[in-house]
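Asks: Below, each chain spelled out in residue letters.
Number of protein chains: 2
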Amino acid sequence: MENRKEQIISFSIDFIKKYGFDSFSYKDLSEAVGITKATLHHHFPKKEDLGLAVCKALKENGQKLRMKTDGLNTAKEKLRYIFDDAIDYVKRMEICPLCSLQAEYNVIPDSMKKMVIDLSEREIDFIAQILQEGIDEGSFEFKGNPRSMALMILTSYKGSILYSRTINGDIITLVLQQIYDQIIK
Amino acid sequence: MENRKEQIISFSIDFIKKYGFDSFSYKDLSEAVGITKATLHHHFPKKEDLGLAVCKALKENGQKLRMKTDGLNTAKEKLRYIFDDAIDYVKRMEICPLCSLQAEYNVIPDSMKKMVIDLSEREIDFIAQILQEGIDEGSFEFKGNPRSMALMILTSYKGSILYSRTINGDIITLVLQQIYDQIIK
DNA sequence: GTCTATACAAAGATAGAC
DNA sequence: GTCTATCTTTGTATAGAC
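The listed protein sequences correspond, in order, to chains A and B. Numbering of the first sequence is given in the working numbering, commencing with residue 1 and proceeding in unit increments. Numbering of the second sequence is given in the working numbering, commencing with residue 1 and proceeding in unit increments.
Each hint should be verified, as a subset may be incorrect.
Remember, identical chains collapse to one label, so a pair may be satisfied in a single copy or spanning two.
Said to hold, decoys possible - Subject to a maximum C-alpha distance of 27 Å in a straight line, what follows is the list of computed DSS-like cross-link-like pairs (lysine-lysine): (1) 114 with 17; (2) 114 with 143; (3) 143 with 76; (4) 17 with 47; (5) 91 with 114; (6) 143 with 91; (7) 27 with 76.
By construction, these hints were calculated from the structure, which means they are not laboratory data. The structure displayed is predicted, hence computed values, not measured ones.
Can you make the complete structure from the sequences, with help from the hints?
Replies: Listed below in C-alpha cells is the structure:
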C-alpha cells in the first residue's frame, strides 16, 4: 500500500497545522492513522524523515496552486483566487503549515530548515510574479516593488493567522481587503 | 533572594523567544540560571506556574512601554517610537515573546491561553489608541478605523518576525515603513 | 533556597516475529 | 507492512536532607 505513506503525511500536516512539528508525537499520529508507532517508524524511521517528506508534499501543493492560477486569465483573477484561498483557510480555523514551521524554525532539524527557507522563498516569488504581471497588464498600481508588496501581503497573512486563534472577529478578510484595495488600480 | 524568581522569568522569556514555551525544558533553564531543576520546581512547582508568571511579566513590560510613550508629546512621536522599538527587536534577531505564545496557542495550558488572549487584546488597544490620537491631532490619515489599522500593523509585524528567521534582508523595516507612509498625513 | 536522589510518564527509536 | 515487546533518553515532578 503505497498510499499509506501519503496518508501518514496528510495526517502529519494536520497535526503540524494544529500543534506544530515539535508538539505532536508518533503516538498521536499512530492513533490518528490507526497503526502502531512501530509501523510509522517502518515508513519514516526518524521523525526528521517524516518532516522532510511533509516539506516535499508542501512544495508539491504549492506547485499545484501555481498550476491553478496559471489557468486563470488575468493577474487580478489570480490575486483574488489566492486571497480567497487564504481566507478560506483561516475560516476553517486552519493554519498555513509553513507558518507553523516558520514559527518553530529554531527547533526543527537542519535538513528541514533548508526546506523551510526554500518554501518561504518560493511563496514570495509566486506572489511577486503575479504582482509584476498585474503591473505589466496595467491593472495593478502600488508603492514599492513587487517583492516588497509580496512581503507585505505574506507577512500580514501569517500575522493574521497568529491573531485569528486569540482574537474574535474576521481579521484576515479585513487585513487582506485593505491590501487588495491598495493594489488594484 | 526574591530576585531569583525574576531571574528565572527573565531567562524563561529568552527561551520562549528562541524556542517557544513547549520546546525548552527545566533542564535547559537550570543550566542557564545555574541552579538545579529541583530548585526551579521550588520556585515554580509546575511549568504552567512559570508560564503564568512569564505572562504576568509580559503584561508589566507592556505597561512600561505604555508609560514611556505617554511621556512623548505627539501621536507621531509615539508611533515612531513603537516602530523603532519593534525594528530593534527584530534586528537583534529576537522575537516578540507573545508572538511565540500565539503560535503555540494550541499546546499551552488553558490558564495561559487566557493570558495570551488578554495580552493580544491589550496590544491592539494600545496601538489603536495612538492611531486615534493621531487622527484627533490631525497628523494621521488612513482608510478604515483605528482598530483595523492597528491589526494591520501588528499582523505585518508578527508576520515579519516569522519571515525574518528564514529570509535574508531587512523585511521588518521595509514593511513597517510602507505602513508608516500610509498613516502619516 | 538549594541540593541529591529518585519516581514516573512520554517520546523517539529498534529488534524480531508474523 | 504490520505487530508486540523493549530500550533509551528526555521532561516533568516529588521527597527529604542540609
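Asks: Run every hint past the structure and note whether it holds.
Replies: Consistency of the hints with the structure:
1. 114 with 17: both (19 Å within a copy, 21 Å between copies)
2. 114 with 143: neither (31 Å within a copy, 39 Å between copies)
3. 143 with 76: both (17 Å within a copy, 21 Å between copies)
4. 17 with 47: Classified as both; 16 Å inside a copy, 24 Å across copies.
5. 91 with 114: Answer is between; shortest inter-copy Cα gap is 21 Å, intra-copy 30 Å.
6. 143 with 91: between (30 Å within a copy, 24 Å between copies)
7. 27 with 76: neither (45 Å within a copy, 53 Å between copies)
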